[in-house]
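Q: Residue-level listing of the chains:
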Amino acid sequence: MRHYELMVILDPSVEERAVAPLIEGFLNVVRTGGGKVEKIDTWGRRRLAYEINKQSEGIYSVIDLKATPEVVKELDRQLSLSESVLRTKVLRPDTH
Amino acid sequence: MAKPPARKPKKKVCVFCKDKATYVDYKDTNLLRKFISDRGKIRARRVTGNCTQHQRDVATAVKNSREMALLPYTSTTR
Numbered sequence: 000m001r002h003y004e005l006m007v008i009l010d011p012s013v014e015e016r017a018v019a020p021l022i023e024g025f026l027n028v029v030r031t032g033g034g035k036v037e038k039i040d041t042w043g044r045r046r047l048a049y050e051i052n053k054q055s056e057g058i059y060s061v062i063d064l065k066a067t068p069e070v071v072k073e074l075d076r077q078l079s080l081s082e083s084v085l086r087t088k089v090l091r092p093d094t095h
Numbered sequence: 000m001a002k003p004p005a006r007k008p009k010k011k012v013c014v015f016c017k018d019k020a021t022y023v024d025y026k027d028t029n030l031l032r033k034f035i036s037d038r039g040k041i042r043a044r045r046v047t048g049n050c051t052q053h054q055r056d057v058a059t060a061v062k063n064s065r066e067m068a069l070l071p072y073t074s075t076t077r
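Protein chains in written order, with numbering that gives the first Met the number 0: chain A, 0 to 95; chain B, 0 to 77.
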């Protein structure tokens, strides 16, 4: 099990109320895969430094989790398939 | 004619070494903005005064930050 930090930018058309359930839905992969979600920090709406998919805003969320590499790979794949996710980044902070 | 006295380069201390930082966070845009020019370019080490290792960490953090649209790749708002 490794410590990962995941950042997702969600489409701004997602409603404020729908953000948390949406993220929880994605994180089910981690929970069923034996991982642990440690912290979810939703920054909320934020201006993007440049346009992504014609959007100038995005909903940022930072998630700390512990999981195996395979689970994280699957999570990232599912996120990238989702229409409401603009961009993701997975980092391992302890390797730096 | 005597040459003007050569300016003594002030030895800068790396801000990260001073704080004993181990990790430069790509999410801390306020900090990273100090290390990019108003055009969005990463400042050189001779300008920032960072040590080799921390300059590298800063560069990586800025690049990660750009990928997540927290910092601009270019800003031509001039």
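Careful: at least some of the hints might be erroneous.
[Stated by the list, open to error] Simulated restraints on C-beta separations:
no.	chain 1	residue 1	chain 2	residue 2	range
1	B	P3	A	D93	49 to 57 Å
2	B	N29	A	R1	24 to 32 Å
3	B	K10	A	E82	48 to 56 Å
4	B	K10	A	L90	27 to 35 Å
5	B	K62	A	T41	19 to 27 Å
6	B	T28	A	D63	40 to 48 Å
7	A	V89	B	T51	21 to 29 Å
It is worth saying that the hints were derived from the structure and are not from the lab.
Even glycine gets a Cβ: it sits at the ideal position worked out from N, Cα and C.
Q: All the hints need checking, so say for each whether the structure fits it.
A: Outcome of the hint check:
1. B:P3 <-> A:D93: 49 to 57 Å: At roughly 51 Å between Cβ atoms, D93 of chain A and P3 of chain B fall inside 49 to 57 Å, so the hint holds.
2. B:N29 <-> A:R1: 24 to 32 Å: 29 Å, holds
3. B:K10 <-> A:E82: 48 to 56 Å: 53 Å, holds
4. B:K10 <-> A:L90: 27 to 35 Å: 33 Å, holds
5. B:K62 <-> A:T41: 19 to 27 Å: 24 Å, holds
6. B:T28 <-> A:D63: 40 to 48 Å: Violated, at about 19 Å.
7. A:V89 <-> B:T51: 21 to 29 Å: Check passed, 27 Å falls within 21 to 29 Å.
Going down the numbered hints, you'll see the structure goes against just number 6.
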